[in-house]
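Asks: The primary structure of each chain is shown beneath.
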Amino acid sequence: MEIFATALPALGEAWGLILQPIVLGYLVLGVVMGLAVGVFPGLGGIAGLSLLLPFMFGMDPVLGLALMVGMVAVVPTSDTFASVLMGIPGSSASQATVLDGFPMAKKGEAARALAAAFSSSLFGGLVGATFLTVFILIARPIVLAFGLPEMLMITVFGLSMVAVLAGRIPLKGIAAAGLGIMIGTIGEADAGGSLRMATYDIPYLTDGLKLVIVGLGIFAIPEIVSLLRQDKSIAKDANLGAGWLDGIRDWFSNIWLSVRCSIIGVVVGVIPGLGGSVVDWIAYGHTVQSTKDKSNFGKGEVRGVIGPESSNNAKEGGGLVPTLLFGIPGSGSMAIFIGAVALLGSGDIEVGPGMLKNNLDITYSIVWLLALANVVGTVLCIAASGGIARLTTIRFAYLAPFLFMLISFAAFQSGQNFEDLLALFVIGLIGVFLRRFDWSRPAFLIGFVLSNPVEKFTNQAFQIASFRFRKGFDVGMEYVFSPIVIVLLIITVISVVLGIRQAKQILAEGDVKSGEKRAPLVFLLVIAGYLAFALFNANAIPDYNMTDKIIPLVVGGVSLLCCVILLVQMMRRPEGDAIFADKELAGEDAEAPYGLWGTLAWFAGLIVATYFVGFILALVGFLLSFFRFRAGTSWVKAVILSAAGIAFMSFMAAMLNRDFPPGLLQAAIDLPWPLR
Amino acid sequence: MTVSTFTKAAVAAIIAAGVAAPAAADADFSGKTIEWVIPFSETGGSAKWANFFAPLLSEAMPGNPTVVVKFMPGAGSTKGANWFQEQKHEDGTLMFGSSGSTQFPYLLNDPRVRYEYNDWIPVMASGTGGVAYLNAEDGAKFDGSANALQDTDFIYGSQGATRLDLVPLLAWEMLGMNVEPVFGIKGRGDGRLMFERGEANIDYQTTSGYLGGSMDLVNEGKAVPMMSWGALDADGNIVRDPTFPDMPTFKEVCEATDGCETSGDAWDAWKAFFVAGFPVQKLAFLPGDTPQDVVDTYSAAFEAIVARDDFAEISSKRVGKYDVFTGAGTATALATATQVSDSAKEYVTNWLKEAYGVELK
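As they're listed, the protein sequences go chains A and B. Residue numbering for the first sequence follows the working numbering, starting at 1 and increasing by one per position. Residue numbering for the second sequence follows the working numbering, starting at 1001 and increasing by one per position.
Chain A with its partners taken away, still in its complex shape (with noise of 0.2 Å):
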């Protein structure tokens, strides 16, 4: 009980930090800082923390925590307007709670769905720093125990949810899982450098596609291009149903799921090296299988929206532990908030080894900070849901230039090329039809998430089993079967194996109907040859950089085999069968009164004058004759929505200090900010 002698009065020092009217007020700037920085579809707290660091140096250290933790914590909670409403993961951590938040805005309980998600937020966030508050104190054993193994089947662990969401046919989703880790590999290998699918010749290629990307592409574009196509909005016939109050009733009607989930967020986020990307998809994997009734899930579950989102931001808590007590980020915005650190006030807080034994007090304080930010982003999150609920009422077509907007210049930032916005729309291409065929959208993306961790775990801990095999067998079984592998095994095989049994219940995208065999065959056989190429490609590495090689090749030969036995069902079974999924041929796509490409064209039209004329003379001419011709506004209304939208644009950009993609005009001729 000696640990509990040091950390009652250090608790009770931190809670005197905490609790001063000045210290609540940074944290209340933070946080509304945060939510104005969250509600951006991929800027996150990246960007909101780089906007802080200039004030940092020598700044009160509690004052500065206060700003910097309260801006960290509510960014998984804002984020989740853009997922639920219009169907855009804002973050990793919200890419889970577009699969039934969005289908829930879709019939009109947007309020509903955005309260259950902010009340699993705040209890989420409240168990993660309970937990964390004793956890910390004897964390550091434990996660020194989770060694290469066993971060390697965490990760399997993670790609075990493929199979609940697979959809009807399971060999299509383990093909969009194996394609999404080959696009993960897509650069520059990790271990040995070789190029994978790449040139030197493409800069772009060589560094890899970015999670908001594939994200975007994946999710958002399907979705804006559908709703589009239909003219609509987003609620259906405009109505909105069950309000913000239902939502907390279902979520606390739902409450030890979200404990559940509350915990499988820290201890999963405690866990250094994966930065919490799969915590939300293991939560729903968890919340499907502990659910009775499975038929609703992919349509507006309520229980898939409190799931990940109750995970989330305790997984932001958990995330604490590696960065504060090893000095390791968990993620990106977790390594500028050890950098920020270093330079409040004397200098004298070093996030790592040295944090519990000189600064408990601090420690504690972060803890807390990150606990009451969660309060107050959550009580400001759910007072507006209500209101902002409203925009899926608005006609879509008023709605979609500011999304393309929005997404591209998320894009932009993630790598600030030109190309970006070239993968954006070459991989919105791909979920486009990913989502018309009826292959999993959520397993490839699963798969492009973790196949970074995959290929390097598995070379690691492949290349220190052998290191041990050769001080003696037992010695090698000793490291690569340990206690918790062993655990992680058998969680994974039952995962699988009653995720199989359920994957067919769970229609991600709602019920299609099948029909003429041409076109699914079509895609197959694109896929196949991407795949084909891709191993090809793989196998052109010379064999002494065999760690680069042997993912690509293992999983491209698994996903091409797939392929093949797709391929041959397709010859046998007749047209109309479940094989043979189209969204053209029935339901809302098929009887939408606009076309995929002239919707699409638009879309390229943006990307195409960006190249030419830079991003904001492009977005002047895209938003203008989009609400004219398209939406078919007036002139003087389609002006003014249209300068509202560059405004707010130019505004955020100045205040995060971010550029817009330069066009060829650009390079030619100096234009003033915000053309330049």
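If you are wondering where the hints come from, they were derived from the structure by calculation, not from laboratory data. Honestly, I wouldn't trust all of these hints.
[Stated by the list, open to error] To give an idea of the interface, some chain A residues facing chain B are shown, with a C-beta separation under 10 Å as derived from the structure:
no. : residue
1   : 328
2   : 340
3   : 547
4   : 569
5   : 643
[What the hints assert, rightly or not] Here are the simulated DMTMM-like cross-link-like pairs (lysine to aspartate or glutamate), alpha carbons at most 25 Å apart as the crow flies:
no. : chain 1 : residue 1 : chain 2 : residue 2
6   : B       : 1222      : B       : 1252
7   : B       : 1070      : A       : 13
8   : A       : 210       : B       : 1190
9   : A       : 471       : B       : 1151
10  : B       : 1222      : A       : 350
11  : B       : 1353      : B       : 1265
12  : B       : 1317      : A       : 348
13  : B       : 1353      : B       : 1342
14  : B       : 1345      : B       : 1261
15  : B       : 1353      : A       : 201
16  : A       : 471       : B       : 1261
17  : B       : 1070      : B       : 1303
18  : A       : 471       : B       : 1180
19  : A       : 471       : B       : 1138
20  : B       : 1345      : A       : 188
21  : B       : 1353      : A       : 419
22  : B       : 1317      : A       : 419
Just so we're clear, the structure is a prediction, and the values are computed from it rather than from any experiment. Cβ coordinates follow ideal geometry from the N, Cα and C atoms, glycine included.
Use these hints to put chain B onto chain A, whose structure you have.
Replies: Just chain B, lined up with the frame of chain A:
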């Protein structure tokens, strides 16, 4: 910082970001915004370095301009450097920061490099040191020479053979030690974690990383320091690192170890890359055609920063004990960092290919 200065600064930053427009070159920077471009992400050591200097520079420049750090990561920092190569002087508000990871591809003739260090004007340079250490079991066998370590198999968590890790890997190789690098970790912090978990049994950290994290392991008896890389004296000789005066340098350990020589191709190559990676690790540049009065303004500002009474104290706590070069010293620093003999380049290129199968083309 009080509330009111914070608000003022915030307002100034917002206004400055909005109205920054090109103006004629002028030694007075009032109302301007200096953009300091770092070719790495917000999360790395260079970001920490630039964020530390940015507010100090703002204070020291005439007219107290706002200094913003901008990040342009990509292609192992060569993207940002290639971009900077094409920039021309406008009003003296553009500065660029490079690091060892920008210098090494340049020295190794990486095909992505389209920049030329000698075209740029350095205004500040800073360096660091590094310490290698062993786990307790193998550390007991270390007696100031590596003779007793040559039969042990070592595992080392590495970011990649063409990065700064080239320096420790080549050093261990010269000592006849059998060190197997596990590639693909994201930073030295991950390397230390791997060491703490017992998966790696040898590690190195830069000075600040060693003081912040590894020193505790040494005090607990879990790690044994082996050697520092050393520091450069005024004549370019390797001497003991002033931060670790009691620790032998790699040079001393090499001299004491059978088969390791402190002359010849291998030594020259190691020393050349050590100098490019550590004592002159980070440099701040202005575009090549910047007029002399602007260069002088920046130089004077950095000199004023280093001359602050509290500089040693604030810098050691925030960015580690760095040697900072200003004024005329920067040109010498740049020369030592980027002039590597062809034979040294060839030696390292061949070694990378033979030992790790790395070919840069």
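Asks: All hints, please: hold or fail.
Replies: Outcome of the hint check:
| no. | hint | result |
| --- | --- | --- |
| 1 | 328 | holds, 4 Å |
| 2 | 340 | holds, 8 Å |
| 3 | 547 | holds, 7 Å |
| 4 | 569 | violated, 38 Å |
| 5 | 643 | violated, 17 Å |
| 6 | 1222/B to 1252/B | holds, 24 Å |
| 7 | 1070/B to 13/A | violated, 37 Å |
| 8 | 210/A to 1190/B | holds, 22 Å |
| 9 | 471/A to 1151/B | holds, 13 Å |
| 10 | 1222/B to 350/A | holds, 21 Å |
| 11 | 1353/B to 1265/B | holds, 16 Å |
| 12 | 1317/B to 348/A | holds, 7 Å |
| 13 | 1353/B to 1342/B | holds, 16 Å |
| 14 | 1345/B to 1261/B | holds, 18 Å |
| 15 | 1353/B to 201/A | holds, 22 Å |
| 16 | 471/A to 1261/B | violated, 31 Å |
| 17 | 1070/B to 1303/B | holds, 23 Å |
| 18 | 471/A to 1180/B | holds, 14 Å |
| 19 | 471/A to 1138/B | holds, 15 Å |
| 20 | 1345/B to 188/A | holds, 23 Å |
| 21 | 1353/B to 419/A | violated, 32 Å |
| 22 | 1317/B to 419/A | violated, 40 Å |
In terms of the numbered hints stated before, the structure departs from hints 4, 5, 7, 16, 21, 22, listed from lowest to highest.
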